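**Q** If you read the protein sequences in the order shown, they are chains S and L. Counting from 1, position 40 in the first sequence corresponds to residue 40 in my numbering; the numbering is continuous, with no gaps. Counting from 1, position 274 in the second sequence corresponds to residue 274 in my numbering; the numbering is continuous, with no gaps.
Keep in mind the hints are simulated off the structure, nothing from the lab. From a predicted model like this one, the values you see are computed outputs, not experimental measurements. From the three backbone atoms N, C-alpha and C, an ideal C-beta is built for every residue, glycine too. Careful, some of the hints might be misleading.
[As the list claims (entries may be wrong)] Derived DEER-like restraints, expressed as beta-carbon distance ranges:
#: 1; chain 1: L; residue 1: 241; chain 2: S; residue 2: 61; range: 40 to 46 angstroms
#: 2; chain 1: S; residue 1: 49; chain 2: L; residue 2: 336; range: 57 to 63 angstroms
#: 3; chain 1: S; residue 1: 49; chain 2: L; residue 2: 401; range: 25 to 31 angstroms
#: 4; chain 1: S; residue 1: 16; chain 2: L; residue 2: 230; range: 16 to 22 angstroms
#: 5; chain 1: S; residue 1: 43; chain 2: L; residue 2: 343; range: 51 to 57 angstroms
#: 6; chain 1: L; residue 1: 456; chain 2: S; residue 2: 2; range: 22 to 28 angstroms
#: 7; chain 1: L; residue 1: 451; chain 2: S; residue 2: 33; range: 40 to 46 angstroms
#: 8; chain 1: L; residue 1: 241; chain 2: S; residue 2: 49; range: 35 to 41 angstroms
#: 9; chain 1: S; residue 1: 65; chain 2: L; residue 2: 462; range: 28 to 34 angstroms
#: 10; chain 1: L; residue 1: 343; chain 2: S; residue 2: 2; range: 34 to 40 angstroms
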Amino acid sequence: MTYQLTEGDIILRLTDNASIPPAEGNTDYQAYLAWLDEGNTPLPADPIPEPEPLTPQQKLEAVGLTVAELKELFGLT
Amino acid sequence: MATTQNTYTGNGSLTEYSFTFPYLEESDVRVSLDGVDQLTTAYSFANATTISFNTAPANGVAIRIYRQTAQEAPPATFFAGSAIRASDLNDNFLQQLYVAQETDQIARNLTAGDIAPGGITNALLADDAVTTAKIADLNVTTAKINDSAVTTAKINDSAVTSAKIADGTIVNADVNASAAIAGTKVSPDFGSQNITTTGDATIGSLNGGQLAGTRNRIINGDMRIDQRNDGAAVSSGISTLTYTADRWSVAANGAAVTVQRLGTAAEYYLNVTGAASVTACNIRHRIESKNIADLAGSTVTLSFKCSSSSLTSLSTALVYADSVDNFATGTVISSVNISITSTPTIYSTSFSLPANAANGVQVIFSLGAFTSGTFTLTDVQLEPGSIVTPFERRSYGDELALCQRYYESIGATYSIASQANVVNFWHSFKVTKRADPTVTGSRTFTGITVQGFSAYTDSSTTTTVDNASAEL
Chain S
1 MTYQLTEGDI ILRLTDNASI PPAEGNTDYQ AYLAWLDEGN TPLPADPIPE PEPLTPQQKL
61 EAVGLTVAEL KELFGLT
Chain L
1 MATTQNTYTG NGSLTEYSFT FPYLEESDVR VSLDGVDQLT TAYSFANATT ISFNTAPANG
61 VAIRIYRQTA QEAPPATFFA GSAIRASDLN DNFLQQLYVA QETDQIARNL TAGDIAPGGI
121 TNALLADDAV TTAKIADLNV TTAKINDSAV TTAKINDSAV TSAKIADGTI VNADVNASAA
181 IAGTKVSPDF GSQNITTTGD ATIGSLNGGQ LAGTRNRIIN GDMRIDQRND GAAVSSGIST
241 LTYTADRWSV AANGAAVTVQ RLGTAAEYYL NVTGAASVTA CNIRHRIESK NIADLAGSTV
301 TLSFKCSSSS LTSLSTALVY ADSVDNFATG TVISSVNISI TSTPTIYSTS FSLPANAANG
361 VQVIFSLGAF TSGTFTLTDV QLEPGSIVTP FERRSYGDEL ALCQRYYESI GATYSIASQA
421 NVVNFWHSFK VTKRADPTVT GSRTFTGITV QGFSAYTDSS TTTTVDNASA EL
């Protein structure tokens, strides 16, 4: 059994990709605590990936403008 | 009537008693004490009309001084040619007179001792002559009472006891319609007799438990719900708990066994197939604290229907969790070996739950070294009391909801088309979970509670959610 920490408080069980909440009544969490007591260590959390920078076209779409509308806005037509 | 006797009652001191009747000879005067004639040596004549006792009759003794004139021969006998004296004539006539008077006295004072045995016939008794006082106590026998002669009025109130009523003689008609026989007069155990009524049954409990509804503390005891596998066969794995039909898990040692929910909607059952090298095989069901705590300290009865093509016995055990709802370690309450056959049969055994059963109870069926053949199990019921009742079949929807408190097959897919942004979503469970569940799917889920969880998705990533488990 292998576990991995996440950026939040969820424990990831890698054998079945299960998200285990840190709840005392959760049997899987109890098993995780027992696993820790046996001297095991979970894998560290994956770093949060940096979002890829948006292209100018994506930025326009995000604000709902077309290239023509942008040119008109700046008097370039 | 002439006097022929005088009677007195002794006082223990008086010795002389007079009498008033005439007599011919002193030998004709007799004395009796309490009815016993006295010898003439016991008394003497103080004078012609007074008897003097040698010893004063005791106090209360009946003294009778009476005359009994000799009648064997006349006092005087006359001969031809002899002179006839007046005194002789008088004596002879007095003898006749005295004897007649004494006979009359005897007739009047007739006692039982004066009557020869068998001397009094029925005809000599006047109708209505025999009074109760004339019948000695305890002398009337059954033969003296005519059949049907004793009427109700002749029996004293409250006189007939139970011992005088022959067993099995009181019939229903003997009981008054308004008799209102108290419940305490009815044996509390009707044995195997059915009780039938067309009216209401007003009772406090049923076998020590509630009257109806959810008597059975086992969820999915008839194996109807199989969210994980929907009837497909699964391998138990080795030395690990593998859930099969909802709420049921199987653990095998040595080798894996195959477990499958089989049957039809009419009756489902768990089918376990043994395998070579299996050294132990346990089928388990865990009951959470909230569903068993009220029965701690009382008697419960486990019943189940099972069969096996190879096993001839199994062991059933109840184990309580050492801490609330945590079965990582447990303590055996009791275990019972039961012989089984190849024919599906209902078996049962009772257990006394200790106080610690409030932590939660695990039911275990141990099949031992189950190396071949099959074992079937269904209709498992754990109920209050020591009486086995028919398996409690709940509606499918109710049973499914009960199962979903512990495990919910979700099978949802979340995705958002044509959106560059990441979108958070919230997924609500169908049933509130026993505890914050473990959620399995295509990504790591966050914000997991007993009600649901949150996650994110976007146009480039599809998020699938498989299931949520809050099993014990």
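**Q** Against which earlier hints does the structure fall short, listed by number upward?
**A** 1, 3, 7 and 10
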